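Participant: Numbering follows the numbering used here, in which position 206 of the sequence shown is assigned residue number 206; successive positions increment by one, without gaps.
What the hints contain is simulated information worked out from the structure, not anything from laboratory work.
Predicted model, so just to flag it, every value in this text is computed and none were measured.
Even for Gly, the Cβ is constructed at its ideal location relative to N, Cα and C.
One should not assume that every hint holds.
What the hints assert, rightly or not - DMTMM-like cross-link-like pairs, simulated, lysine to aspartate or glutamate; straight-line CA separation at most 25 Å:
hint: 1; residue 1: Lys297; residue 2: Glu340
hint: 2; residue 1: Lys289; residue 2: Asp252
hint: 3; residue 1: Lys289; residue 2: Glu351
hint: 4; residue 1: Lys297; residue 2: Glu72
hint: 5; residue 1: Lys43; residue 2: Glu68
hint: 6; residue 1: Lys333; residue 2: Glu68
hint: 7; residue 1: Lys43; residue 2: Asp156
hint: 8; residue 1: Lys294; residue 2: Glu198
hint: 9; residue 1: Lys73; residue 2: Glu28
hint: 10; residue 1: Lys95; residue 2: Asp25
hint: 11; residue 1: Lys95; residue 2: Glu179
hint: 12; residue 1: Lys133; residue 2: Asp108
hint: 13; residue 1: Lys43; residue 2: Glu258
hint: 14; residue 1: Lys342; residue 2: Glu66
hint: 15; residue 1: Lys334; residue 2: Glu351
Stated by the list, open to error - Cβ pair distances, simulated, as ranges:
hint: 16; residue 1: Ala240; residue 2: Pro131; range: 49 to 59 Å
hint: 17; residue 1: Gly99; residue 2: Arg36; range: 46 to 56 Å
hint: 18; residue 1: Tyr206; residue 2: Gly113; range: 30 to 40 Å
hint: 19; residue 1: Ser366; residue 2: Gly113; range: 45 to 55 Å
hint: 20; residue 1: Thr39; residue 2: Gly70; range: 24 to 34 Å
hint: 21; residue 1: Ser366; residue 2: Pro131; range: 41 to 51 Å
hint: 22; residue 1: Gly113; residue 2: Lys73; range: 15 to 25 Å
hint: 23; residue 1: Arg186; residue 2: Tyr206; range: 11 to 21 Å
hint: 24; residue 1: Asp371; residue 2: Ser134; range: 44 to 54 Å
hint: 25; residue 1: Phe316; residue 2: Gly208; range: 41 to 51 Å
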Amino acid sequence: MSTHFAIPFYAPDFAAPVSSPWNSDQDETLRCVHIRQETHDVKTFVLAANGPRNFRYLPGQFLTLELEIGGEKINRCYTLSSTPTRPDLVSITVKRVPGGTVSNWLHDNVRVGMELGSMGPSGEFSCFKSPAKSYLFLSGGSGVTPLMSMARALHDLGSDADIVFVHCARTPADVLFAEELTLMARNMPHFRIALVCEQHTPGSNYAGHLGRLDSARLAHIAPDFMQRDVYTCGPAPFMAAVRSLLTTAGFDMPRYREESFSFETLVADAAHAPDNQEATKENTEVIYKIDLQKMGKSFTCPSDQTVLQASVAAGFRLPSSCSGGACGTCKTKKISGTVEIKHAGGIRQREIDQGWFLPCCSKPTSDIVMDR
1 MSTHFAIPFY
11 APDFAAPVSS
21 PWNSDQDETL
31 RCVHIRQETH
41 DVKTFVLAAN
51 GPRNFRYLPG
61 QFLTLELEIG
71 GEKINRCYTL
81 SSTPTRPDLV
91 SITVKRVPGG
101 TVSNWLHDNV
111 RVGMELGSMG
121 PSGEFSCFKS
131 PAKSYLFLSG
141 GSGVTPLMSM
151 ARALHDLGSD
161 ADIVFVHCAR
171 TPADVLFAEE
181 LTLMARNMPH
191 FRIALVCEQH
201 TPGSNYAGHL
211 GRLDSARLAH
221 IAPDFMQRDV
231 YTCGPAPFMA
241 AVRSLLTTAG
251 FDMPRYREES
261 FSFETLVADA
271 AHAPDNQEAT
281 KENTEVIYKI
291 DLQKMGKSFT
301 CPSDQTVLQA
311 SVAAGFRLPS
321 SCSGGACGTC
331 KTKKISGTVE
341 IKHAGGIRQR
351 EIDQGWFLPC
361 CSKPTSDIVM
371 DR
């Protein structure tokens, strides 16, 4: 006779006093309470705090997972597909990427009950930061997640905003959240959805657009797109195509916003990007020495460059991902020296107080010795 061991259902005590907010400076781990198989290669991981907590964040923000994979500590950012209007849980929706270290590990190893290190939420991509009367949401593949978070929040709040949600996928079998988006459209009088698939799936009853999103198709789906605030997320080629389309049409680009975690390009660009605020000064930079203690190496860093920029220029490869102080991948202990740090949520204040810093967003104010 087999015995079935059930994992306790996650059920917050709704009669209890209001839970304290999640604080990533104090709360460091989330517990997986449910896993949904969205498509053949996409899973949603539903996460809860270990104690009574509610999550306050802007729809569209991301969470940084702090994982140990193969003996190596790895940080990776994932946009929250959940909405803060349902504050007891958060969720990330992850596509399995061929060769992707973290996505494959999550798909193959995470089980209900497992704890994951986490930090955040943080990020600037949210329509709630600049509310408008009408929106155009354009998503490609798993880039739908921040836009889904925004749509869920607007739906839960009974918003009367005029929303056109265009989701692009490779095939109908790859479309995410189709049923929920359809339900939102039923519930919200000014919410319209359009699906665009590159190829048909044999045997499916898909009746949406076939091909790729172009200017003619966009004008057909949303004839008034020039008057809408546009939010875009998806693979880099998808967003580049959208930017080109809108620019060619004469769209007011300050009303265009995008989100991407294609970090490799960001790191390469940031390593050579000039600091515009400092570029107008003449001969004011000071040159500091940066010592990598464990490696027994050193390089110099001008005061108007980040430590990461200077390390790349000197031929050293420090761990890095976002290059903007968001993900925490480059987090390093500073043995001595001082820096000016301008981060975007990728490090806790108590870690800074303990001597940690992020080379990607820190400029030296003295010579520095790093624990690397």
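Participant: Hints first: check each against the structure and report whether it holds.
Facilitator: Evaluation of the provided hints:
Our distance criterion of 25 Å between C-alpha atoms is met by lysine 297 and glutamate 340, whose separation comes to about 22 Å. A threshold of 25 Å between alpha carbons decides the hint, and for lysine 289 with aspartate 252 the separation of about 44 Å lies outside it, so the pair is violated. Under the criterion of a C-alpha separation no larger than 25 Å, the hint pairing lysine 289 with glutamate 351 is consistent with the structure, at around 23 Å. With a C-alpha separation of about 22 Å, the suggested pairing of lysine 297 with glutamate 72 holds against the 25 Å cut-off.
Taking the CA atoms of lysine 43 and glutamate 68, the gap is near 20 Å; set against the 25 Å cutoff, the hint holds. Of the supplied pair hints, the one linking lysine 333 and glutamate 68 holds, its CA atoms being roughly 18 Å apart against a limit of 25 Å. With a C-alpha separation of about 23 Å, the suggested pairing of lysine 43 with aspartate 156 holds against the 25 Å cut-off. With a CA separation close to 50 Å, the supplied pair lysine 294 and glutamate 198 exceeds the 25 Å bound.
For the given pair, lysine 73 sits about 15 Å from glutamate 28 by alpha-carbon distance, which is consistent with the 25 Å threshold. Taken as a hint, the lysine 95 and aspartate 25 pair is broken in the structure, with Cα atoms around 28 Å apart against an allowance of 25 Å. For the hint linking lysine 95 to glutamate 179, the alpha-carbon distance of about 19 Å falls within 25 Å, and the restraint holds. Proposed proximity of lysine 133 and aspartate 108 is contradicted: the alpha carbons are some 42 Å apart, above 25 Å.
At roughly 23 Å between alpha-carbon atoms, lysine 43 and glutamate 258 fall within 25 Å of each other, so this suggested pair holds. The straight-line distance between the Cα atoms of lysine 342 and glutamate 66 is roughly 21 Å, inside the 25 Å bound, and the hint therefore holds. A hinted pair counts as satisfied when its Cα atoms are at most 25 Å apart, and lysine 334 with glutamate 351 qualifies at roughly 11 Å. In this structure the hint that alanine 240 and proline 131 lie 49 to 59 Å apart at CB is violated, the actual value being about 27 Å.
For the pair glycine 99 and arginine 36, the beta carbons lie near 24 Å from each other, so the given range of 46 to 56 Å is not met. Under the hint 30 to 40 Å, the C-beta atoms of tyrosine 206 and glycine 113, about 37 Å apart, fit the expected range. In this structure the supplied range 45 to 55 Å holds for serine 366 paired with glycine 113, their Cβ-Cβ distance being about 47 Å. Taking the beta carbon of each, threonine 39 and glycine 70 are about 27 Å apart, inside 24 to 34 Å as hinted.
Separated by about 43 Å at the C-beta atoms, serine 366 and proline 131 satisfy the suggested range of 41 to 51 Å. A C-beta distance of roughly 22 Å is found between glycine 113 and lysine 73, which places it inside the suggested range of 15 to 25 Å. One distance hint, 11 to 21 Å for the beta-carbon pair arginine 186 and tyrosine 206, holds here, with the actual separation near 19 Å. Here the CB-CB span from aspartate 371 to serine 134 is close to 51 Å, well matched to the stated 44 to 54 Å.
Distance hint check for phenylalanine 316 and glycine 208: the Cβ-Cβ separation is about 49 Å, which falls inside the suggested range of 41 to 51 Å.
Comparing the model with each numbered hint stated earlier shows that hints 2, 8, 10, 12, 16, 17 do not hold.
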